[in-house]
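Chains A and B, in that order, give the protein sequences. Sequential numbering of the first sequence, starting at 1, is according to this note's numbering. Sequential numbering of the second sequence, starting at 367, is according to this note's numbering.
Just so you know, the hints here were simulated from the structure itself, not pulled from any lab data. Every residue gets a Cβ at the ideal spot worked out from N, C-alpha and C, and that includes glycine. You may find that some hints are simply not true.
Claimed, not checked - Pair by pair, the computed Cβ-Cβ distance ranges are: (1) A:Lys250 x B:Val420: 44 to 50 angstroms; (2) A:Ala276 x B:Asn432: 39 to 45 angstroms; (3) B:Ser475 x A:Glu28: 45 to 51 angstroms.
Said to hold, decoys possible - Computed footprint of chain B on chain A; a stretch qualifies when at least three of its residues, placed anywhere within it, have a C-beta under 8 angstroms from a C-beta of chain B: (4) 68–74; (5) 116–122; (6) 216–222; (7) 236–246; (8) 305–314; (9) 321–333.
Chain by chain, the residues:
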Amino acid sequence: MTGRPVTAETMPGLPVEQTAIPHPAVREWNGETYYDLASLKPSPFDWKIAAYVYVAGLAGSSQIIATLADRLGDGRDETIVRNGRALALAGAVIGAPLLILDLKTPGRFYNMLRIYRTRSPMSFGSYILTGFGVASGLTAAAHLIGERRADGSRSPMRRAADMTQVPAAFLGAGMSTYTAALLSATSTPLWASAPRAMAVQFGTSAMATAAAALSLGEQIAGDPENSRRLDGLAAVSAAGELVASAFAEKRHHEAGVGETLRKGPIGTSYRAGALALGLGVPLACHAINALSKRPSRGLSVVGSLALLAGGMVMRQAIFQAGNKSAERPDDYFRLTQREPEGAKPRRRVDRAIEGRRNGRDPGRLP
Amino acid sequence: MGVHPRALDYAESLPDGVIPDESELTCGTRIEPGKSYGFFTDTTLCIGCKACEVACKEWNGLPADNLGLTGNSYDNTGDLGANTWRHVAFVEKIGSGDDRAREMKPFQSNWLMMSDVCKHCANAPCLEACPTGSIFRTEFDTVVVQQDICNGCGYCVPACPFGVVELSLEDGKAHKCTLCYDRLKGGLEPACAKSCPTDSIQFGEIEDLFGRARRRVEDLHGKGATDAYLYGAPDTPGATGGLKHLNAFFLLTDRPEVYNLPVAPTRASDRVRPSFLTGLAAMAGLTLAAAALMSAGRERGR
Ligand code: SF4
Ligand code: SF4
Numbered sequence: 001m002t003g004r005p006v007t008a009e010t011m012p013g014l015p016v017e018q019t020a021i022p023h024p025a026v027r028e029w030n031g032e033t034y035y036d037l038a039s040l041k042p043s044p045f046d047w048k049i050a051a052y053v054y055v056a057g058l059a060g061s062s063q064i065i066a067t068l069a070d071r072l073g074d075g076r077d078e079t080i081v082r083n084g085r086a087l088a089l090a091g092a093v094i095g096a097p098l099l100i101l102d103l104k105t106p107g108r109f110y111n112m113l114r115i116y117r118t119r120s121p122m123s124f125g126s127y128i129l130t131g132f133g134v135a136s137g138l139t140a141a142a143h144l145i146g147e148r149r150a151d152g153s154r155s156p157m158r159r160a161a162d163m164t165q166v167p168a169a170f171l172g173a174g175m176s177t178y179t180a181a182l183l184s185a186t187s188t189p190l191w192a193s194a195p196r197a198m199a200v201q202f203g204t205s206a207m208a209t210a211a212a213a214l215s216l217g218e219q220i221a222g223d224p225e226n227s228r229r230l231d232g233l234a235a236v237s238a239a240g241e242l243v244a245s246a247f248a249e250k251r252h253h254e255a256g257v258g259e260t261l262r263k264g265p266i267g268t269s270y271r272a273g274a275l276a277l278g279l280g281v282p283l284a285c286h287a288i289n290a291l292s293k294r295p296s297r298g299l300s301v302v303g304s305l306a307l308l309a310g311g312m313v314m315r316q317a318i319f320q321a322g323n324k325s326a327e328r329p330d331d332y333f334r335l336t337q338r339e340p341e342g343a344k345p346r347r348r349v350d351r352a353i354e355g356r357r358n359g360r361d362p363g364r365l366p
Numbered sequence: 367m368g369v370h371p372r373a374l375d376y377a378e379s380l381p382d383g384v385i386p387d388e389s390e391l392t393c394g395t396r397i398e399p400g401k402s403y404g405f406f407t408d409t410t411l412c413i414g415c416k417a418c419e420v421a422c423k424e425w426n427g428l429p430a431d432n433l434g435l436t437g438n439s440y441d442n443t444g445d446l447g448a449n450t451w452r453h454v455a456f457v458e459k460i461g462s463g464d465d466r467a468r469e470m471k472p473f474q475s476n477w478l479m480m481s482d483v484c485k486h487c488a489n490a491p492c493l494e495a496c497p498t499g500s501i502f503r504t505e506f507d508t509v510v511v512q513q514d515i516c517n518g519c520g521y522c523v524p525a526c527p528f529g530v531v532e533l534s535l536e537d538g539k540a541h542k543c544t545l546c547y548d549r550l551k552g553g554l555e556p557a558c559a560k561s562c563p564t565d566s567i568q569f570g571e572i573e574d575l576f577g578r579a580r581r582r583v584e585d586l587h588g589k590g591a592t593d594a595y596l597y598g599a600p601d602t603p604g605a606t607g608g609l610k611h612l613n614a615f616f617l618l619t620d621r622p623e624v625y626n627l628p629v630a631p632t633r634a635s636d637r638v639r640p641s642f643l644t645g646l647a648a649m650a651g652l653t654l655a656a657a658a659l660m661s662a663g664r665e666r667g668r
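Go ahead and model the full structure; you've got the sequences and the hints to work with.
Here it is as structure tokens:
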């Protein structure tokens, strides 16, 4: 068993008895469960929500890349701008029905915008998606109507598109990563044990898959130079994801919950699909291309495709493994032997109360 | 508790209508909006009769499910869910296999029985997760799902740290114990508490209940049952990680895990900020990297 044992030191406030008889809540947990029955309910989220997380990330990060290409580009990046904006809109258009279809009462989807709640990623995420969809739609529409003129100057419509893309890009950052907060803000052991690492994992994967998709677009458009820059971004993001995955795994291990993502068919698909194919292959392809004098188009395409596939496998595996971990009482009980990440009191007044509480006589029952 | 003087006004076996403030007669508590109510479930008194399960199903019109035998002692209910809002857990402390006890202490029960229920958490993670506002806090400080608003997104389900709330596949909405919201409005004690023959389930104002529970623990300790402790009262196991306290709390005599309860559950929404802010920071870093790569690539390309 990993994690700290529950004692009066690690969990202040627990009643401690003066007698030599170990207090039942203070004696160490010996792995007891209730007939091995689940202590939690798994989320009802299936492949549709996992696919939404993938699509949302890809779309959000595409908008960021398109915005950068538009601001920093010199006109040769026009296809990146156009494809990025189109991908962003497509993501919102495909993502929303994926979410709605996963509702068990889909006819009431509009109730999602009935209230606003900063403590619920499902709530503020609905607003991010709505805002992103609207801004990306406006951007893409205005872009279509007002293509850049041949002399490089921008028509009024195109300038409108350039304006709406900025809020779209900011919301795109939210789209890329809020879904990790959505999963972490549950009691599901696997997701709850690594809130920070998973957020980086999802964000970097979003950027990597967006760069990969846009790089494929440049290959089709016949601009290997642009492809090379996007491949560079994809490789940097993929390297970041690899580090974040390692951190996430460390956290899972510390909390004693990682088994559902390490073992069995889910573990195999995570290791082979998400890590080896999704990160190893593209990193190798892009590294070879970066070092060689004549970058190969084939390697770039293979790297991009592998990244795109790996990102989807990663989301699906994390969803399935999370749901499975919720059904394993020992995972949950191991996790809840310690105070988890992120539960520290934030406000000064809360810390003061906490401090006073810790100073109390632990021998007395509260 | 003796008979309430007002009880004599309603001596007939078939009263004409609902007795006003009936809860005062059945449990000595008058139910008024604006106060906090809850359950104190004293597991040392539970005899496993399942009257609470039945009363709950009856009053709330919940369908029967899980017809069959689980093989897990006398627990053929299994767990709380969309159609089960009270669940009596049975733990046989006689070991198993070769470890099975052959002798037992006289006059000691080797059973642990606990009637589990939605905890109506002070900081309820299910409520905080619900994006539609379907889950709300009532005027009695209880947590209820509004069936006409829930759209079945299912986010409350993994948010609950006790595995209580569940979606029904019949109607596509989330369901759980309402602490008999309708009965409270009518001045009636919740059905489970009223039907419990041993007062293992006690309904009342939450501060009263905490006091009663603490006295009961001291009492039990005095009798030599030093294992007794509270789960979910302020500063006890269960009331951890920002949950503050549980409006339905328990008196237990073994590790919480034995009863299928986590020792230190947490408030799920506390993880939103760390996760989201870290994610945004990562996106900011990636944007900078992207900007650098884009511009650098352009320089080289010229
Ligand atoms: S026990 Fe679960 S369902 Fe009940 S109030 Fe707490 S979080 Fe909600
Ligand atoms: S399933 Fe219903 S009650 Fe639960 S979070 Fe979604 S809308 Fe709220």
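Here's how the hints hold up against the structure:
no., hint, result
1, A:Lys250 x B:Val420: 44 to 50 angstroms, "holds (49 angstroms)"
2, A:Ala276 x B:Asn432: 39 to 45 angstroms, "holds (43 angstroms)"
3, B:Ser475 x A:Glu28: 45 to 51 angstroms, "violated (24 angstroms)"
4, 68–74, "holds (count 5)"
5, 116–122, "holds (count 6)"
6, 216–222, "violated (count 0)"
7, 236–246, "holds (count 4)"
8, 305–314, "violated (count 0)"
9, 321–333, "holds (count 4)"
This entry does not satisfy hints 3, 6 and 8, going by the numbered hints stated previously.
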